[in-house]
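These protein sequence lines are chains A, B and C, in that order.
Note that the UniProt record's numbering gives residue 431 to position 431 of the first sequence, counting from 1, and the numbers run on in steps of one.
Note that the UniProt record's numbering gives residue 199 to position 199 of the second sequence, counting from 1, and the numbers run on in steps of one.
Note that the UniProt record's numbering gives residue 47 to position 47 of the third sequence, counting from 1, and the numbers run on in steps of one.
Simulated from the structure, these hints should not be mistaken for lab results.
One or more of the hints may lead you astray.
[Said to hold, decoys possible] Going by beta-carbon spacing under 8 Å, a handful of chain C positions derived as facing chain B:
| no. | residue |
| --- | --- |
| 1 | N13 |
| 2 | I32 |
| 3 | L33 |
| 4 | M97 |
| 5 | P126 |
| 6 | I170 |
| 7 | I206 |
Cβ coordinates follow ideal geometry from the N, Cα and C atoms, glycine included.
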Amino acid sequence: MTTTIRALLGATALSAIGLSATAQDTTLTIATVNNGDMIRMQGLTQDFTNQNPGIALEWVTLEENVLRQRVTQDIATGGGQFDVLTIGTYEVPIWANQEWLVPLDDMPEDYNADDLLPAIRDALSVDGTLYAAPFYGESAMVMYRTDLAEEAGVTIPEEPTWTDIMAAAEAMTDRDNEIYGICLRGKAGWGENMAFLTAMANSYGGAWFNNDWEAQFESEPWQSAVSDYLMMMENYGPPGAANNGFNENLSLFQQGKCGMWIDATVAASFVTDPEDSTVADSVGYAVFPNKEGVDNHGNWLWAWSLAIPASSEQQDAAKAFISWATGQGYTELVASEEGWRSAPPGTRTSLYENAEYQEAAPFAEMTLNAMNAADTINQSVMETPYTGGQFVAIPEFAGIGTQVGQEMSAALAGQQSAEEALANAQALTTDEIEAAGY
Amino acid sequence: MATQHSRSAARLMMTPAVVLLLGWMLVPLIMTLYFSFTDYRPLRGIFDCCVGFENYERFVTSSAFLDSVLTTLIMVGGILAITVIGGILLAILLDQPMWGQGIVRILVIAPFFVMPTVSALVWKNMFMDPVNGVLAHLWRAFGMAPVDWLSQAPLFSIILIVSWQWLPFATLILLTAIQSLDSEQLEASEMDGAPTLKRFWYIILPHLSRAITVVILIQTIFLLSIFAEIFVTTQGSFGTRTLTYLIYQRVLESQNVGLGSAGGIIAVILANIVAIFLMRIVGKNLDT
Amino acid sequence: MARAVTPQRKTLNTIFAWAIGLTIFFPILWTILTSFKTEGTAIANPPVLLFFDWTLENYETVQERSNYMRYLWNSIAIAGGSTILGLIVAVPAAWSMAFVPSKATKNILMWMLSTKMLPAVGVLFPIYLICIQLGLLDSKIALIVILMLINLPIIVWMLYTYFREIPGEILEAGRMDGAGLREEILYILTPMAVPGIASTLLLNFILAWNEAFWTLNLTAVNAAPLTAFIASYSSPEGLFFAKLSAASTMAIAPILILGWFSQKQLVRGLTFGAVK
Numbered sequence: 001m002t003t004t005i006r007a008l009l010g011a012t013a014l015s016a017i018g019l020s021a022t023a024q025d026t027t028l029t030i031a032t033v034n035n036g037d038m039i040r041m042q043g044l045t046q047d048f049t050n051q052n053p054g055i056a057l058e059w060v061t062l063e064e065n066v067l068r069q070r071v072t073q074d075i076a077t078g079g080g081q082f083d084v085l086t087i088g089t090y091e092v093p094i095w096a097n098q099e100w101l102v103p104l105d106d107m108p109e110d111y112n113a114d115d116l117l118p119a120i121r122d123a124l125s126v127d128g129t130l131y132a133a134p135f136y137g138e139s140a141m142v143m144y145r146t147d148l149a150e151e152a153g154v155t156i157p158e159e160p161t162w163t164d165i166m167a168a169a170e171a172m173t174d175r176d177n178e179i180y181g182i183c184l185r186g187k188a189g190w191g192e193n194m195a196f197l198t199a200m201a202n203s204y205g206g207a208w209f210n211n212d213w214e215a216q217f218e219s220e221p222w223q224s225a226v227s228d229y230l231m232m233m234e235n236y237g238p239p240g241a242a243n244n245g246f247n248e249n250l251s252l253f254q255q256g257k258c259g260m261w262i263d264a265t266v267a268a269s270f271v272t273d274p275e276d277s278t279v280a281d282s283v284g285y286a287v288f289p290n291k292e293g294v295d296n297h298g299n300w301l302w303a304w305s306l307a308i309p310a311s312s313e314q315q316d317a318a319k320a321f322i323s324w325a326t327g328q329g330y331t332e333l334v335a336s337e338e339g340w341r342s343a344p345p346g347t348r349t350s351l352y353e354n355a356e357y358q359e360a361a362p363f364a365e366m367t368l369n370a371m372n373a374a375d376t377i378n379q380s381v382m383e384t385p386y387t388g389g390q391f392v393a394i395p396e397f398a399g400i401g402t403q404v405g406q407e408m409s410a411a412l413a414g415q416q417s418a419e420e421a422l423a424n425a426q427a428l429t430t431d432e433i434e435a436a437g438y
Numbered sequence: 001m002a003t004q005h006s007r008s009a010a011r012l013m014m015t016p017a018v019v020l021l022l023g024w025m026l027v028p029l030i031m032t033l034y035f036s037f038t039d040y041r042p043l044r045g046i047f048d049c050c051v052g053f054e055n056y057e058r059f060v061t062s063s064a065f066l067d068s069v070l071t072t073l074i075m076v077g078g079i080l081a082i083t084v085i086g087g088i089l090l091a092i093l094l095d096q097p098m099w100g101q102g103i104v105r106i107l108v109i110a111p112f113f114v115m116p117t118v119s120a121l122v123w124k125n126m127f128m129d130p131v132n133g134v135l136a137h138l139w140r141a142f143g144m145a146p147v148d149w150l151s152q153a154p155l156f157s158i159i160l161i162v163s164w165q166w167l168p169f170a171t172l173i174l175l176t177a178i179q180s181l182d183s184e185q186l187e188a189s190e191m192d193g194a195p196t197l198k199r200f201w202y203i204i205l206p207h208l209s210r211a212i213t214v215v216i217l218i219q220t221i222f223l224l225s226i227f228a229e230i231f232v233t234t235q236g237s238f239g240t241r242t243l244t245y246l247i248y249q250r251v252l253e254s255q256n257v258g259l260g261s262a263g264g265i266i267a268v269i270l271a272n273i274v275a276i277f278l279m280r281i282v283g284k285n286l287d288t
Numbered sequence: 001m002a003r004a005v006t007p008q009r010k011t012l013n014t015i016f017a018w019a020i021g022l023t024i025f026f027p028i029l030w031t032i033l034t035s036f037k038t039e040g041t042a043i044a045n046p047p048v049l050l051f052f053d054w055t056l057e058n059y060e061t062v063q064e065r066s067n068y069m070r071y072l073w074n075s076i077a078i079a080g081g082s083t084i085l086g087l088i089v090a091v092p093a094a095w096s097m098a099f100v101p102s103k104a105t106k107n108i109l110m111w112m113l114s115t116k117m118l119p120a121v122g123v124l125f126p127i128y129l130i131c132i133q134l135g136l137l138d139s140k141i142a143l144i145v146i147l148m149l150i151n152l153p154i155i156v157w158m159l160y161t162y163f164r165e166i167p168g169e170i171l172e173a174g175r176m177d178g179a180g181l182r183e184e185i186l187y188i189l190t191p192m193a194v195p196g197i198a199s200t201l202l203l204n205f206i207l208a209w210n211e212a213f214w215t216l217n218l219t220a221v222n223a224a225p226l227t228a229f230i231a232s233y234s235s236p237e238g239l240f241f242a243k244l245s246a247a248s249t250m251a252i253a254p255i256l257i258l259g260w261f262s263q264k265q266l267v268r269g270l271t272f273g274a275v276k
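With the hints as constraints, model all of the structure from the sequences given.
The structure is reproduced here in structure tokens:
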């Protein structure tokens with residue numbers, strides 16, 4: 001056995017060389033997702049370290065699915081590897097209920113929690129206590145190419161119905177020139193295609209469960225929502241739609257290949273970014289569609305937020321960081337560095353009252369209206385036993401949602417019919433929800 | 001021949017490896033076994049010990065289970081077929097006299113050095129993307145409609161990606177084996193005028209049988225646990241959910257540790273059945 | 001070795017082999033080329049192969065976003081550490097199996113291989129909990145030990161098959177001369193086994209370098225290797241082919257270069273007893 005011990009010692013010495021100790025007193029490990037706003041924040045941290053010379057920041061930037069798996073694993077086992085987590089409105093209430101998150105009720109003075117948009121603040125609070133600070137927030141809306149609409153001779157009303165959308169998609173599609181009337185999410189995942197489809201089903205008058213926790217996939221609203229979705233994607237959608245998520249569609253839209261795109265409001269600042277987008281000058285906006293006679297626009301509400309796990313030993317430093325990253329000061333910092341249009345949207349009332357922002361961001365008003373209109377308590381015209389908009393706020397949803405998403409994605413890829421997909425979804429959801437004891 | 005002394009010395013020398021592997025096998029296995037009999041769902045704060053075989057029953061009776069076993073078999077079988085057949089052909093080709101043999105060999109083994117995550121990412125985005133991928137460009141150049149590989153032929157696409165990574169390994173081992181073939185024997189048969197196909201069938205292939213079994217054994221061990229390639233490309237959609245991936249979904253996506261652990265134990269049992277089966281063949285082949 | 005063939009045949013072989021070799025290599029070549037393009041050129045239709053304005057901006061962007069050297073060092077330390085540790089444990093075991101075989105040898109060997117069948121996803125929770133208990137999350141030591149254990153069966157097997165080819169008479173002769181166990185290993189066996197050990201070392205270094213499940217799940221900052229580095233570039237943010245290519249090239253280049261330079265050594269011992 002001595003060889004082993006010697007080897008272990010050797011390995012220790014080997015790894016000790018690699019540890020470059022930082023001089024600061026405290027090091028915060030921040031787990032975050034690799035999207036544009038977060039990467040911008042990473043680039044701006046000099047400002048934070050200037051203000052807080054005693055705190056060093058270590059970033060763990062991961063792709064969304066990997067991130068979610070890593071932080072869930074860590075928090076569920078109490079691993080304590082991270083001091084700040086990037087999580088969404090889905091996780092916050094569930095994790096807060098398990099007492100895994102530190103309440104953010106004693107944030108520094110200048111944080112100004114009252115400035116947060118009420119819908120977002122509610123979504124991130126449990127019993128009135130804030131558990132995560134929103135970094136940016138979003139609802140969903142229609143983004144469309146004004147030039148293509150004009151060319152095709154269609155107008156998209158400010159509050160379109162699904163019939164309007166389908167007609168416009170048909171008119172704008174020009175497959176020979178690789179212009180696809182409508183781009184929607186197709187990639188399987190509870191936060192990908194199911195976010196869209198759940199919101200769409202909401203706007204058709206459906207819901208995941210009725211008051212007795214019975215799955216509703218075989219109800220009329222889901223059936224017509226899914227068959228309309230498949231019809232649009234098949235006839236007017238881009239090829240390979242079953243693998244397109246938010247990012248893929250963003251890329252397609254920026255390349256000028258989509259006539260319309262119904263997705264998160266946060267996309268608006270990317271599609272109007274003249275550096276990355278070839279269509280920056282010709283983007284119009286409309287409210288998330290509804291079905292005729294159903295007074296519901298999907299109720300999509302999401303916020304990527306920063307939270308502190310209870311296992312963190314540097315909670316004060318973590319609060320200082322969160323308050324810097326999600327405070328008004330950061331918004332101004334981004335505005336001065338990159339222009340107002342790039343300011344993280346959807347979290348603070350003050351941003352939407354700012355005249356400079358309103359001018360720089362033509363999508364501001366539409367975003368604010370969509371966010372204020374999203375009702376996560378009554379997400380459907382049906383009565384439901386759960387909360388949440390484009391998701392169902394129960395711990396089991398991530399697993400079920402992804403499996404249902406895979407059924408829908410398979411239907412979109414032409415591997416099964418809409419009826420089969422819905423029947424499978426119904427069966428597996430019923431099975432899981434019963435096993436979970438609802 | 002070996003003395004008593006050297007026997008015990010030999011045993012002593014084997015001890016660290018055996019003890020370490022035994023620990024590596026038993027500790028997690030016993031913990032997994034324990035979890036598999038509990039209702040352990042951390043996200044709801046539930047940890048109830050001893051629910052009997054409930055998790056096993058649920059795991060096995062769900063429709064996803066049989067599908068995933070089948071998918072695993074097709075995937076592993078497909079990759080083995082492509083790499084072994086491709087490897088034999090490639091090895092024979094590389095054994096022929098040619099200019100720049102060394103460089104060609106370097107080109108052929110390169111994929112083996114590529115991280116599975118990287119290779120999946122590159123294939124998915126830069127090759128199989130139906131709009132901007134290289135294959136789409138190629139298809140369009142020939143006047144065909146681009147194929148959306150990952151949703152129209154998902155299983156095949158993953159098999160292709162993984163085969164690309166493992167083909168070099170098979171080729172290398174088979175090439176070494178071919179090179180050890182007595183060239184006089186081959187030349188003699190060439191002189192006799194034996195047709196190429198016959199020569200291949202009666203001389204080369206039997207000579208390679210040992211190498212082929214080794215390739216199959218080693219690759220199967222690695223292929224049963226394919227994960228990164230599926231995670232990056234389809235996330236288990238479109239019928240690409242292998243048993244490993246199903247367990248991943250249960251444990252990490254649904255955070256149902258009890259159910260996932262039961263799946264893990266079942267996977268161990270199934271893998272060991274495959275292992276015993278394989279070992280029988282290999283053991284026989286290696287003894288000779 | 002060289003068999004006499006007609007020049008025509010040789011030409012044909014060459015063309016055919018090069019065509020296949022280049023096809024197999026093309027994805028890597030394409031990735032490397034794309035990493036020097038601008039994002040716009042990367043998706044150009046029709047694609048451009050060589051004639052574009054070469055740029056290093058993708059590498060700059062990637063380096064700005066993540067500290068490549070730290071990931072690289074972690075990869076080297078983890079892969080190297082686990083390989084060396086594995087050899088230290090495996091050499092004696094393989095030696096004794098090869099030279100003092102007993103009835104159980106083959107069974108032990110097969111049992112060792114079968115431990116590799118344990119699905120990693122299934123035991124992630126237990127291992128994670130153990131690492132928390134030992135305070136070994138995000139430490140290189142945990143990864144070195146785990147990757148060593150994962151690859152140990154392969155190491156033992158490779159060495160075993162290699163050692164078996166060493167004729168036993170040499171050892172007998174050594175023993176006659178009064179060489180002890182230590183001397184036997186150090187002065188007789190080791191020199192003969194060097195090619196096999198070198199090849200084992202290389203193969204396991206490659207396997208450990210490319211291992212992407214444990215290295216991703218048990219690390220955060222201090223021990224995160226290149227597999228974690230690549231995980232932050234794996235989803236599109238607008239146009240991203242060029243950046244993805246740059247990050248991919250950075251992740252695979254070290255091992256690719258190592259592999260190419262040492263391919264002779266690697267190939268020499270890579271038989272797993274497949275050749276009699």
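Against the structure, the hints come out as follows:
1. Annotation: interface hint on N13/C holds; nearest CB of chain B at approximately 4 Å, less than 8 Å.
2. Nearest Cβ of chain B to the Cβ of I32/C: about 10 Å, over the 8 Å cut. The hint is violated.
3. About 10 Å separates the beta-carbon of L33/C from the nearest beta-carbon of chain B, more than 8 Å, and the hint is not met.
4. Satisfaction of the interface hint for M97/C is found here, the shortest Cβ-Cβ separation to chain B being roughly 7 Å, below the 8 Å cut-off.
5. For P126/C, the suggested interface contact is upheld, since its CB lies about 4 Å from the closest CB of chain B, less than 8 Å.
6. With its C-beta approaching chain B no nearer than about 14 Å, I170/C sits outside the 8 Å limit, and its interface hint is violated.
7. The interface hint given for I206/C is met, as the beta carbon of that residue sits about 6 Å from the closest beta carbon of chain B, less than 8 Å.
Hint violations for this structure: numbers 2, 3, 6, all remaining hints satisfied.
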